[in-house]
Amino acid sequence: MTFLDYAPAPESTSILNLKPSYGLFIGGEFVDGGGSSFASISPSTEKTITTVAEATEADVDRAVKAARVAYDTTWSKMSGSERGKYLFRIARIVQERTRELAVAESMDNGKPIRETRDVDIPLVAAWFFYYAGWADKLEYAGLGPNPQSLGVAAQIVPWNFPLLMLAWKIAPALAAGNTVVLKPAETTPLTALLFAEICQQAQLPAGVVNIITGAGATGAAMVAHPDINKLAFTGSTPVGRQIASTLAGTNTKVTLELGGKGANIIFDDAAIDQAIEGIISGIFFNQGHVCCAGSRLLVQENIHDDVVNRLQNRLATLRLGDPLDKNTDIGAVNSKAQLQRITELVNVGEGEGATRWSSPCAIPEKGFWFAPTVFTDVHTSHRIAREEIFGPVLSVLTFRTPEEAIAKANNSPYGLSAGIWTEKASRMLAVADKLRAGVIWANTFNKFDPASPFGGYQESGYGREGGRHGLAAYLNSSDWKAGSRS
Amino acid sequence: MSPRASALATTHRSHSVLGSGATEKALITFLRGIPGVDTVGAEARAAGFATRSLKTTSKAAGLDMIMSMVDLTTLEGADTRGKVHTLAKKAIVPDSTDPGAPSVAAVCVYGDMVAEVRESLGSWHISQRPDGVAIAAVATAFPSGRASMPVKILDTQFAVSEGADEIDMVIDRGAFLSGSWGMVYDQIVSIKEACQRADGSYAHLKVILETGELATLDNVRRASWLAILAGADFIKTSTGKVSPAATLPVTVTMLEVIRDWHGMTGEKIGMKPAGGIRASKDALRYLVAVAETVGEQWLTPDLFRFGASSLLNDVVMQRQKMRTGHYSGPDYVSVD
Numbered sequence: 001m002t003f004l005d006y007a008p009a010p011e012s013t014s015i016l017n018l019k020p021s022y023g024l025f026i027g028g029e030f031v032d033g034g035g036s037s038f039a040s041i042s043p044s045t046e047k048t049i050t051t052v053a054e055a056t057e058a059d060v061d062r063a064v065k066a067a068r069v070a071y072d073t074t075w076s077k078m079s080g081s082e083r084g085k086y087l088f089r090i091a092r093i094v095q096e097r098t099r100e101l102a103v104a105e106s107m108d109n110g111k112p113i114r115e116t117r118d119v120d121i122p123l124v125a126a127w128f129f130y131y132a133g134w135a136d137k138l139e140y141a142g143l144g145p146n147p148q149s150l151g152v153a154a155q156i157v158p159w160n161f162p163l164l165m166l167a168w169k170i171a172p173a174l175a176a177g178n179t180v181v182l183k184p185a186e187t188t189p190l191t192a193l194l195f196a197e198i199c200q201q202a203q204l205p206a207g208v209v210n211i212i213t214g215a216g217a218t219g220a221a222m223v224a225h226p227d228i229n230k231l232a233f234t235g236s237t238p239v240g241r242q243i244a245s246t247l248a249g250t251n252t253k254v255t256l257e258l259g260g261k262g263a264n265i266i267f268d269d270a271a272i273d274q275a276i277e278g279i280i281s282g283i284f285f286n287q288g289h290v291c292c293a294g295s296r297l298l299v300q301e302n303i304h305d306d307v308v309n310r311l312q313n314r315l316a317t318l319r320l321g322d323p324l325d326k327n328t329d330i331g332a333v334n335s336k337a338q339l340q341r342i343t344e345l346v347n348v349g350e351g352e353g354a355t356r357w358s359s360p361c362a363i364p365e366k367g368f369w370f371a372p373t374v375f376t377d378v379h380t381s382h383r384i385a386r387e388e389i390f391g392p393v394l395s396v397l398t399f400r401t402p403e404e405a406i407a408k409a410n411n412s413p414y415g416l417s418a419g420i421w422t423e424k425a426s427r428m429l430a431v432a433d434k435l436r437a438g439v440i441w442a443n444t445f446n447k448f449d450p451a452s453p454f455g456g457y458q459e460s461g462y463g464r465e466g467g468r469h470g471l472a473a474y475l476n477s478s479d480w481k482a483g484s485r486s
Numbered sequence: 001m002s003p004r005a006s007a008l009a010t011t012h013r014s015h016s017v018l019g020s021g022a023t024e025k026a027l028i029t030f031l032r033g034i035p036g037v038d039t040v041g042a043e044a045r046a047a048g049f050a051t052r053s054l055k056t057t058s059k060a061a062g063l064d065m066i067m068s069m070v071d072l073t074t075l076e077g078a079d080t081r082g083k084v085h086t087l088a089k090k091a092i093v094p095d096s097t098d099p100g101a102p103s104v105a106a107v108c109v110y111g112d113m114v115a116e117v118r119e120s121l122g123s124w125h126i127s128q129r130p131d132g133v134a135i136a137a138v139a140t141a142f143p144s145g146r147a148s149m150p151v152k153i154l155d156t157q158f159a160v161s162e163g164a165d166e167i168d169m170v171i172d173r174g175a176f177l178s179g180s181w182g183m184v185y186d187q188i189v190s191i192k193e194a195c196q197r198a199d200g201s202y203a204h205l206k207v208i209l210e211t212g213e214l215a216t217l218d219n220v221r222r223a224s225w226l227a228i229l230a231g232a233d234f235i236k237t238s239t240g241k242v243s244p245a246a247t248l249p250v251t252v253t254m255l256e257v258i259r260d261w262h263g264m265t266g267e268k269i270g271m272k273p274a275g276g277i278r279a280s281k282d283a284l285r286y287l288v289a290v291a292e293t294v295g296e297q298w299l300t301p302d303l304f305r306f307g308a309s310s311l312l313n314d315v316v317m318q319r320q321k322m323r324t325g326h327y328s329g330p331d332y333v334s335v336d
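Going down the list, the protein sequences come from chains A and B.
Residue 92 in our numbering sits at position 92 of the first sequence, with consecutive numbering throughout.
Residue 22 in our numbering sits at position 22 of the second sequence, with consecutive numbering throughout.
Simulated from the structure, these hints should not be mistaken for lab results.
Ideal Cβ positions, reconstructed from N, Cα and C, are used throughout, including at glycine.
Warning: the hint list may mix true and false statements.
Unchecked claim - Calculated cross-link-like contacts (lysine-lysine; reagent style BS3-like; alpha-carbon spacing at most 25 Å): (1) K85(A) with K19(A); (2) K321(B) with K326(A); (3) K326(A) with K55(B); (4) K447(A) with K47(A); (5) K85(A) with K47(A); (6) K55(B) with K424(A); (7) K424(A) with K408(A); (8) K408(A) with K366(A); (9) K326(A) with K137(A); (10) K447(A) with K424(A); (11) K65(A) with K47(A); (12) K281(B) with K326(A).
To be verified - Chain B stretches covered by chain A per the calculated footprint, using a threshold of three residues with CB under 8 Å from any CB of chain A: (13) 34 to 43; (14) 289 to 297.
Working from the sequences, and respecting the hints, build out all of it.
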């Protein structure tokens, strides 16, 4: 064994206390669902972790009713400072149970423990702390003197950051005085169910948070439910489009956070070694299962070969394998279906004539895995330069001038994220000003903070999450007018 | 200060990069053309190395490596024959309870103590056995470097003639910070010449950048290139007399230059972080940084050293812990 093989350093799973099966969390307790149950497997071992209930249309109705009752009788009547106390309590419990939540998330999602431990779960706590602070200060959110909560919010979150996306949805909704029905993705329900336990532990009033599990049909029933006031969805653009058409013309407020094909622009004066790290965190963080991933690398043509060479050398040091090993950099792809989609698009890329390079790392026998892959000789007309792959696959394109970089970066139906790497601050600001993307990182990538709003342009969705702007998604601005008070 | 148009001393390295008859202007143009370092990113990268978890066999192998890479150092005004002999004996046998423990790489002292170390090492000197201990001497008006060139050259020649295998020189930070990069370069070239022994061979030259005084990572990167171009066998972070001494971001920045130089020329330059590394846990992080930045072939005392004194006792304690399953205490390892 060489030094770089590092002996296994697995995080223990003994901290977990999972039940063999979970029901639906409705009205403050776990109840049986009307549908058949399904298994949640670990994508790194393909072993069943637990089984969960599938919520039927009747279950969705039950959950919405529970949320409505809680809204009418308790949550909407409670003062902001009281709501804030509950959110602070949840934040503290998340911190106390960090290791447990990190282990559960890594098992269920396949992402490495160093990411769940160092990124996902600390951000979950940060999000609750941040919005807890807003709960009694809504009048200062810039929405008028007396903004009103909406009512019942239906929330559907994806599998790439299961608990973090839950926090992005639930924390502002609750702070603003809404009650929620949340559905985690069918492949990653585990941490949402543990979060239901945390709600019990925090003695959150029954029905304020309802967690129901299920797949597309359950989600569709939530969207179509007549008694929801708000629908928040994070996921794919095709599903987002369906949701938008279902809810068009209704009074239901909608926020959609959809796909992306983020451009990461490297100018020739960039701090090159840090830019390489940024490229990696842009597309290989979380196996590339990131809607705001920097999946299109735009490199100034005169440094293309040097950048690609450094990138490949660095990628060869990344360690792919057991998500629970503390030294793992790249975990498992979340599901067989996603692996097939990645494989299909990579084959398309090869067919289109792009040059493929994949890291020579060993692939475990069981589970779903994809080695970090870089395509060079990619051109703007290629599908791999336009479509979201949602996996550890980078497409490298070149540009000659800042104008060309901006034009190529903006040449996408999406507009979620972008990155700029240069040591010249004037260029950084000038380029950022012309990019059509909701989030633009400069000399960093994939950094999140609860105080910063997040969201997209065009097919990347609408509405903002995070920060003061994130509150607007869960509040009606005051109808207060000078001389009158409603 | 305007760059000198006069030619710099040519080394085979500078010739390959700057061409023949290179001037200070050419050197400055080259060093200014090197990509910058983003401090926030560099610090994040260094913090990433610290999250590697070394357990069981990896930890045991790492601890042995650290032990064999230590330049056991005493650089005090109060150094005496007794102190130096104690240190040299410890360099040979760092842990009397474990004959299998490797000896350290070198003993590092002021030039006037070289003969004492040589006497104390005896048959354990590196010239007598391949697993033996080398003698390193600081020179060039260490630690400030504020002396005339004849003094610095004499200081070096004396240490070499006394039997130093390795010379740890300091660069003139004042000259570097004022932009006289050609002067810094020429001084290193002169000291390299002063490292030549009577038989024509050379003592190994470690060039101390004193990164705590250079302050920015951009300066660290430029000074690293400069030192390598001028002929350094090793580049070294610090004297240990200035705070901050060695840090992981600084070391990684220097390792990146070593990696790029190797990529360009195939030549391997050594690295020595010095000062401030006291715990085995910290030292293990440096090994991770070396392995993942320049590659595992650098994990040898020929190419990587720790300039340290108290680190050795911590490694001894950690090795005892791995062997026996429980921690001892400072009373179970020798004081220097």
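Tell me the numbers of any earlier hints that the structure contravenes, in ascending order. 1, 4, 5, 6, 8, 9 and 11
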